[in-house]
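K.L.:
Under numbering that gives the first Met the number 0, think of the first position of the sequence shown as 0, with each following residue one higher.
For the record, the hints were derived by calculation from the structure and aren't laboratory data. By construction, the Cβ of each residue, glycine as well, lies at the ideal position given by its N, Cα and C atoms. Possibly wrong hints are sitting among the right ones.
Said to hold, decoys possible - Now the in silico label distances, taken between C-beta atoms and shown as ranges:
| id | residue 1 | residue 2 | range |
| --- | --- | --- | --- |
| 1 | ARG8 | PRO35 | 22 to 32 Å |
| 2 | TRP54 | PHE144 | 14 to 24 Å |
| 3 | VAL203 | MET124 | 17 to 27 Å |
| 4 | LEU143 | ARG121 | 37 to 47 Å |
To be verified - Here are the computed lysine to any residue pairs in the SDA-like style, where the Cα-Cα straight-line distance is at most 20 Å:
| id | residue 1 | residue 2 |
| --- | --- | --- |
| 5 | LYS28 | TRP255 |
| 6 | LYS28 | LEU258 |
| 7 | LYS28 | TRP204 |
| 8 | LYS28 | PHE18 |
| 9 | LYS28 | VAL46 |
| 10 | LYS28 | LEU81 |
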Amino acid sequence: MSSTDSERRGILLLVVAAFSFSVMSLQVKLAGEELPVAMLVLARGVVTLVMSVAWIRYRRIPMWGVDRPRLLLRGVLGLGGLACFFYAVTALPLAEVTVIHYLNPVLTAVVAALLLGEHVDRRLMVAIGASLTGTVLVTRPEFLFGGHSTLSPSGVLAALGGATFSAFAYTTVRRLSRTDNPHVIVFFFPLVAVPATIPFAVHVWVWPSLRGWLLMLGLGVATQIAQVLFTRGLAVVPAGRGTTVGYVQIVFAATWGYLFFHDAPNALTVVGAVLIGSSTALLLWRRQPKPASRR
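Between the sequences and the hints, there should be enough to build the whole structure, so can you do that?
P.N.:
Below is the structure:
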């Protein structure tokens with residue numbers, strides 16, 4: 000398989016991962032109607048931890064990996080991003096959180112260029128700009144499109160912190176892909192997150208209904224699938240380009256909103272979706288080399 004074909008396959012994996020993440024978000028939204036957020040974070044971690052251990056043992060993969068310091072760092076960065084994001088969701092309107100969170104592809108491209116020496120080409124910059132514009136049109140944040148709500152400074156800082164944590168986490172995954180199995184990389188995230196989340200979940204514990212248990216199980220499974228596909232995709236796609244593909248998750252989220260909550264997308268959402276889809280298509284496109292002239 001050529002490097003171009005390999006990267007296209009990686010981008011496809013990232014698109015499917017974005018779909019799985021959107022399914023997880025849908026389940027979190029539904030489960031959040033009856034359960035505290037800390038319980039959902041813990042459920043996500045426990046299910047993914049169990050599935051990771053089972054798969055690693057089944058495949059007889061060395062569980063503790065090669066680059067253990069970076070694996071632990073990936074877990075800490077991932078937990079930091081998740082904690083900041085969830086706090087921001089509780090402190091800010093969801094649209095604002097989404098816009099700020101999706102600064103992370105730009106930050107990832109910068110971090111990857113600085114730490115990994117990855118090249119930032121013109122096509123990537125155009126894709127990032129188009130994706131960010133599409134994100135703004137889809138989410139229509141109040142601070143850009145009007146409104147009288149006052150944003151919480153701590154919430155804004157948390158959202159910016161989450162985007163920054165995510166950028167460093169994605170870049171760390173990219174670096175770890177050179178030395179460690181993707182399933183081991185995924186395993187270290189819940190390995191760090193579960194013990195750190197338990198005290199908070201116990202403090203706010205509410206006994207779930209059958210529906211709540213099923214949703215918590217489902218969001219854990221969806222997360223595991225998404226994490227594995229995301230890690231595999233990022234192994235063959237440069238970090239800045241790879242995280243930009245994640246913008247398609249907003250399109251999936253808009254679809255779930257319409258199907259489950261009757262939130263029909265308006266014209267701006269459609270335009271934004273087109274921009275996001277076009278940016279992903281731009282990343283898939285490669286200029287074909289000219290055939291050698293015959294002598």
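K.L.:
Work down the list of hints and note, for each, if the structure agrees.
P.N.:
Here is how each hint holds up against the structure:
1. A hinted range of 22 to 32 Å is violated for the C-beta pair ARG8 and PRO35, which are about 39 Å apart.
2. The hint said 14 to 24 Å for the Cβ distance between TRP54 and PHE144, and at roughly 44 Å that hint is violated.
3. Taking 17 to 27 Å as the suggested C-beta distance range, the pair VAL203 and MET124 does not conform, at roughly 43 Å.
4. The hint said 37 to 47 Å for the Cβ distance between LEU143 and ARG121, and at roughly 26 Å that hint is violated.
5. Taking the CA atoms of LYS28 and TRP255, the gap is near 11 Å; set against the 20 Å cutoff, the hint holds.
6. Straight-line distance between C-alpha atoms of LYS28 and LEU258 comes to about 14 Å, which keeps the hinted pair within the 20 Å bound.
7. Restraint check for LYS28 and TRP204: the C-alpha separation of about 18 Å stays at or below 20 Å, so the hint holds.
8. For the given pair, LYS28 sits about 15 Å from PHE18 by alpha-carbon distance, which is consistent with the 20 Å threshold.
9. Between LYS28 and VAL46 the CA atoms are separated by roughly 18 Å; this keeps the pair inside 20 Å, and the hint holds.
10. Pair hint LYS28 plus LEU81 holds up; C-alpha atoms about 15 Å apart against a cutoff of 20 Å.
Comparing the model with each earlier hint shows violations of hints 1, 2, 3, 4; every other hint is respected.
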